[in-house]
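Protein chains in written order, with my numbering: chain A, 1 to 274; chain B, 1 to 274.
No lab work stands behind these hints, which were simulated from the structure alone. All figures in this text were calculated on a predicted structure; none of them were measured in a lab. Please note that the accuracy of each hint is not assured.
Cross-link-like lysine-lysine pairs, in silico, DSS-like; alpha carbons within 30 Å at most [to be verified]:
1. A:K63 / A:K27
2. B:K27 / A:K223
3. B:K130 / A:K223
4. A:K223 / B:K175
5. B:K244 / A:K84
6. B:K176 / A:K130
7. B:K176 / A:K256
8. A:K66 / A:K256
9. B:K66 / A:K84
10. B:K176 / A:K2
11. B:K254 / A:K176
12. A:K27 / A:K66
13. A:K84 / A:K27
14. B:K66 / A:K66
15. A:K130 / B:K254
16. A:K130 / A:K2
17. B:K63 / B:K176
18. B:K175 / A:K130
19. A:K223 / B:K244
20. B:K27 / B:K176
21. A:K37 / A:K63
22. B:K84 / A:K223
23. A:K27 / B:K175
Over the 10 Å line for every Cβ pair with chain B, so calculated as not near, a few chain A residues [as the list claims (entries may be wrong)]:
24. R44
25. D58
26. M61
27. P97
28. E110
29. N131
30. T134
31. Q195
32. V197
33. G199
34. S216
35. I218
36. L225
Yeah, the Cβ is synthetic: ideal placement off N, Cα and C, and Gly gets one too.
There are 2 protein chains.
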Amino acid sequence: MKQSIGVIDSGVGGLTVASELIRQLPKESFIYVGDTKRCPYGPRPEEEVIQFTMEMVDFLMDKDIKMLVIACNTATAYTLDLLKEQLPIPVVGVIQPGARAAITSTRTGEVGVIGTEGTISSGSYVHSLKNIDTTINVRDLACPRFVPLVEKGIVSGQEAYDIVVESLQPLLPYKKMDTLILGCTHYPMITELIQEVMGPAVTVISSGEETAREVSTILGYRKNLYQGDELPTYHFHTTGDVGKFHAIASRWLKQKIDAVSRISLTKLEGMGEI
Amino acid sequence: MKQSIGVIDSGVGGLTVASELIRQLPKESFIYVGDTKRCPYGPRPEEEVIQFTMEMVDFLMDKDIKMLVIACNTATAYTLDLLKEQLPIPVVGVIQPGARAAITSTRTGEVGVIGTEGTISSGSYVHSLKNIDTTINVRDLACPRFVPLVEKGIVSGQEAYDIVVESLQPLLPYKKMDTLILGCTHYPMITELIQEVMGPAVTVISSGEETAREVSTILGYRKNLYQGDELPTYHFHTTGDVGKFHAIASRWLKQKIDAVSRISLTKLEGMGEI
Chain A
1 MKQSIGVIDS GVGGLTVASE LIRQLPKESF IYVGDTKRCP YGPRPEEEVI QFTMEMVDFL
61 MDKDIKMLVI ACNTATAYTL DLLKEQLPIP VVGVIQPGAR AAITSTRTGE VGVIGTEGTI
121 SSGSYVHSLK NIDTTINVRD LACPRFVPLV EKGIVSGQEA YDIVVESLQP LLPYKKMDTL
181 ILGCTHYPMI TELIQEVMGP AVTVISSGEE TAREVSTILG YRKNLYQGDE LPTYHFHTTG
241 DVGKFHAIAS RWLKQKIDAV SRISLTKLEG MGEI
Chain B
1 MKQSIGVIDS GVGGLTVASE LIRQLPKESF IYVGDTKRCP YGPRPEEEVI QFTMEMVDFL
61 MDKDIKMLVI ACNTATAYTL DLLKEQLPIP VVGVIQPGAR AAITSTRTGE VGVIGTEGTI
121 SSGSYVHSLK NIDTTINVRD LACPRFVPLV EKGIVSGQEA YDIVVESLQP LLPYKKMDTL
181 ILGCTHYPMI TELIQEVMGP AVTVISSGEE TAREVSTILG YRKNLYQGDE LPTYHFHTTG
241 DVGKFHAIAS RWLKQKIDAV SRISLTKLEG MGEI
């Protein structure tokens, strides 16, 4: 029986990570759970994020996944260490791969990080970077206007460009900064704009791309890459509106989506309220 | 007691990998063994490469290393699977990280690989790439003139440029190729020339850089990154001429080398014949 890789996110942002996982691991099957109904996790208290994440994990563990990817910065910050200890399968979050790729990329030792207010104030990227290299100089910046922009589908054009320019302004004086981590899974949708504003001397790191790379590394290290002939399957589950999820998933994954199903993660919640 | 990461190579080529390991993992200590006296491994029969590699591994296991990096393409091709099974510590080779990085990088699905005749004829990179993605199109090419060039220290100027242009000629018609793997640890010393000849549309992947990245990933996954305050130490051992090794190591690592010692790996071999 071919085992899938489980991917969890507070909503649709993790689809950029799923897209990279599918691209870089074309033989593997994936099951994605997006807790769209309770999104965003950013402003919620830690205990609640842990509880919601655990509900998604329980759902996936029942499906006998071989690996878990936490494709959400907030959930990674609060639950990665816990899940690594508790689960019998490997667990990868989105923060460490981005940090590690930035260390590989930087030559000046000056790295920028952008993300939601929650991610930036958690200091998770700074912690992950310093954990490997104490001499790294980190400039972090919350860009709260990016997620609403991307969710509205405005990923190019003058309006998007203006918001990106205004938001990134505080980073522009740091001429030594040669690497910028996109510390939010929504941001890869506007990579081109961010690159344009930052200039060609700055390497823009997508957490999703790097997370997929590390999933591949760890599966390879554990000799657990799929080697059979079964075609991969991609199953999507959302706690929210199936139609909306399907529309965004089709656009972001740039491929036909066969099955999106609505699930309930809490026992008290009814199923018929779309 | 702080445990070191062990690095083995048939000679000095692995120093480009060591250089990246030191850069990307500045808190870690390393012990490097270069079997300079019996270099190169490429033309040797498989059993001999396995025997020589095992002698280096035994030397390092006595020093209680926490991880082993095979910084040599030939030794990786012949011994990685064996060592992964036999050793109680994680083992990383130079081939898989380069292959994986190429899959992350390519958008066209057409990847080039250059290496020594031994590495190219072993088909190891093609195998590693196809192992992850069967649809990848690989063009491989042996560049036997590169290693002598680098070992002579000719890494820029007209002579080097001419040799690089002539050697890479067979790859230039493949306009869809957007990624090139440097499948030899010597080649990063002439990355700039290779990049110039291939053009800006081709991403050049250095196995050493990617191997260091994967070592970091696996140590992070195993929660085995060094977290204390002890300064790192770098110990170098060669089976050949200490003076020559010291000179090359100082140049390639771009830092002061404190200690290079000569070791004997075989019991029959004397020590006084430098």
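Status of each hint after checking the structure:
no.	hint	verdict
1	A:K63 / A:K27	18 Å, holds
2	B:K27 / A:K223	28 Å, holds
3	B:K130 / A:K223	15 Å, holds
4	A:K223 / B:K175	34 Å, violated
5	B:K244 / A:K84	46 Å, violated
6	B:K176 / A:K130	39 Å, violated
7	B:K176 / A:K256	25 Å, holds
8	A:K66 / A:K256	25 Å, holds
9	B:K66 / A:K84	20 Å, holds
10	B:K176 / A:K2	34 Å, violated
11	B:K254 / A:K176	21 Å, holds
12	A:K27 / A:K66	14 Å, holds
13	A:K84 / A:K27	25 Å, holds
14	B:K66 / A:K66	26 Å, holds
15	A:K130 / B:K254	23 Å, holds
16	A:K130 / A:K2	38 Å, violated
17	B:K63 / B:K176	47 Å, violated
18	B:K175 / A:K130	41 Å, violated
19	A:K223 / B:K244	39 Å, violated
20	B:K27 / B:K176	40 Å, violated
21	A:K37 / A:K63	22 Å, holds
22	B:K84 / A:K223	10 Å, holds
23	A:K27 / B:K175	27 Å, holds
24	R44	27 Å, holds
25	D58	23 Å, holds
26	M61	19 Å, holds
27	P97	7 Å, violated
28	E110	15 Å, holds
29	N131	7 Å, violated
30	T134	7 Å, violated
31	Q195	15 Å, holds
32	V197	21 Å, holds
33	G199	16 Å, holds
34	S216	5 Å, violated
35	I218	6 Å, violated
36	L225	7 Å, violated
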